[in-house]
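If you read the sequences in order, they're chains H and C. Start counting the first sequence at 1; every next residue gets the next number (the working numbering). Start counting the second sequence at 143; every next residue gets the next number (the working numbering).
Keep in mind that a hint or two might mislead.
Residues from chain H shown here face chain C by an in silico Cβ test under 8 Å; the list is partial [what the hints assert, rightly or not]:
| no. | residue |
| --- | --- |
| 1 | W49 |
| 2 | I90 |
| 3 | C108 |
| 4 | F129 |
| 5 | R136 |
Distance windows between CB atoms, simulated [stated by the list, open to error]:
| no. | chain 1 | residue 1 | chain 2 | residue 2 | range |
| --- | --- | --- | --- | --- | --- |
| 6 | H | V138 | C | G229 | 17 to 27 Å |
| 7 | H | L45 | C | L281 | 19 to 29 Å |
| 8 | C | K221 | H | V138 | 29 to 39 Å |
| 9 | C | V217 | H | G140 | 38 to 48 Å |
| 10 | H | M1 | C | I216 | 34 to 44 Å |
| 11 | H | I118 | C | R206 | 33 to 43 Å |
A partial selection of chain H residues facing chain C, derived with a Cβ cut-off under 7 Å [said to hold, decoys possible]:
| no. | residue |
| --- | --- |
| 12 | E2 |
| 13 | T3 |
| 14 | P63 |
| 15 | S103 |
Hints are computed from structural coordinates only; laboratory data are not their basis. For every residue, glycine included, the Cβ atom is placed at its ideal position computed from N, Cα and C.
This is what each chain is made of:
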Amino acid sequence: METEFTPLLSLGGGVLIGLAATLLMAFHGRIAGMTGILAGVIPPLSSDWPWRAAFLAGAIVAPALYIVAGGEIPFAVPVSTFALILGGLIVGIGVFFGSGCTSGHGVCGMARLSPRSITATIVFMLATFVTVFVVRHVLGGI
Amino acid sequence: MRIFSALLIGMIFGVGIAISGMANPAKVLNFFDIAGTWDPSLIFVMGGALVTTAIGYRLVFGARAAPLLDKSFIVPTSKVIDARLVGGSALFGVGWGIAGFCPGGAIPALGLGYSQTFIFVAAMIGGIVIARTLQMTILKPAAA
Numbered sequence: 001m002e003t004e005f006t007p008l009l010s011l012g013g014g015v016l017i018g019l020a021a022t023l024l025m026a027f028h029g030r031i032a033g034m035t036g037i038l039a040g041v042i043p044p045l046s047s048d049w050p051w052r053a054a055f056l057a058g059a060i061v062a063p064a065l066y067i068v069a070g071g072e073i074p075f076a077v078p079v080s081t082f083a084l085i086l087g088g089l090i091v092g093i094g095v096f097f098g099s100g101c102t103s104g105h106g107v108c109g110m111a112r113l114s115p116r117s118i119t120a121t122i123v124f125m126l127a128t129f130v131t132v133f134v135v136r137h138v139l140g141g142i
Numbered sequence: 143m144r145i146f147s148a149l150l151i152g153m154i155f156g157v158g159i160a161i162s163g164m165a166n167p168a169k170v171l172n173f174f175d176i177a178g179t180w181d182p183s184l185i186f187v188m189g190g191a192l193v194t195t196a197i198g199y200r201l202v203f204g205a206r207a208a209p210l211l212d213k214s215f216i217v218p219t220s221k222v223i224d225a226r227l228v229g230g231s232a233l234f235g236v237g238w239g240i241a242g243f244c245p246g247g248a249i250p251a252l253g254l255g256y257s258q259t260f261i262f263v264a265a266m267i268g269g270i271v272i273a274r275t276l277q278m279t280i281l282k283p284a285a286a
């Protein structure tokens, strides 16, 4: 399935992600890592769960408002329900033990030149490239 | 105030993810499919986010000793690169490549209202719960 190359929108979105990461550090002193923020609202709740829940609520509501306001967000899932469940389980286990994901390691940690985050980002990007190649071009999709 | 601030910052994050394409599994998987229907857009997402955050963090840490609404900056200080970090990150990449969603992309995608996102997020939360349970039982002696 082809998707349109969108350098300007993607750059703009990336700058907004960076702005949010900067503001979360400036106002709350926290890393804008989705794994860490999410883990704190999964029972047993962390003691500072309210700001985490508010951040998550904002992150979910904003795209909905964007669409209500007339914006368009292309969305397509080119994989099976089985792949969503399998991938979701593996992502959950992986980000827990890896202590972060694309936002925490790939953006916030890399921006601080953290050696752990640079290592994690290289490893998960390579693993994703290999997985997509194997799934699409060796297995023919799952 | 803290809640309101976190809500607004979450909204900026969510819109950024949504318009960037990170909430769209088809686009994310195409970024990783150089041998097929390659879409390099996500380089611009990562680049834009990384440069903005690097500059932003410098300004914040240069200007202040503490955040505006909390007592202190909470930033990981560990430099240990162990099997847990590498293995966990490798697993994350495998899952990302299978489903096309990462956590930061999937949570804002919930707001778009497609059932596939809810299935993925439920499974991902299940994965975190499984990992946490393993951590507290079998792996407890190894990791403090």
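Each hint, compared with the structure:
1. W49: Cβ of W49 of chain H sits 11 Å from chain C, so the hint is violated.
2. I90: Since chain C brings a Cβ to about 3 Å from I90 of chain H, closer than 8 Å, the hint holds.
3. C108: 6 Å, holds
4. F129: Constraint on F129 of chain H satisfied, holds at 5 Å.
5. R136: Holds: closest Cβ of chain C sits about 6 Å from R136 of chain H, inside 8 Å.
6. H:V138 <-> C:G229: 17 to 27 Å: For G229 of chain C against V138 of chain H, whose Cβ atoms are near 23 Å apart, the range 17 to 27 Å holds.
7. H:L45 <-> C:L281: 19 to 29 Å: At 22 Å between Cβs, range holds.
8. C:K221 <-> H:V138: 29 to 39 Å: Because 37 Å falls inside the window, the suggested range holds.
9. C:V217 <-> H:G140: 38 to 48 Å: Since the Cβ atoms of V217 of chain C and G140 of chain H sit about 44 Å apart, the hinted range of 38 to 48 Å holds.
10. H:M1 <-> C:I216: 34 to 44 Å: 41 Å, holds
11. H:I118 <-> C:R206: 33 to 43 Å: Cβ of I118 of chain H to Cβ of R206 of chain C: about 25 Å, so the range 33 to 43 Å is violated.
12. E2: 5 Å, holds
13. T3: Hint holds; T3 of chain H Cβ to chain C Cβ min 4 Å, cut 7 Å.
14. P63: Holds, because the Cβ-Cβ distance from P63 of chain H to chain C comes to roughly 4 Å (cut-off 7 Å).
15. S103: 4 Å, holds
The structure is inconsistent with the numbered hints 1, 11, although it conforms to all the rest.
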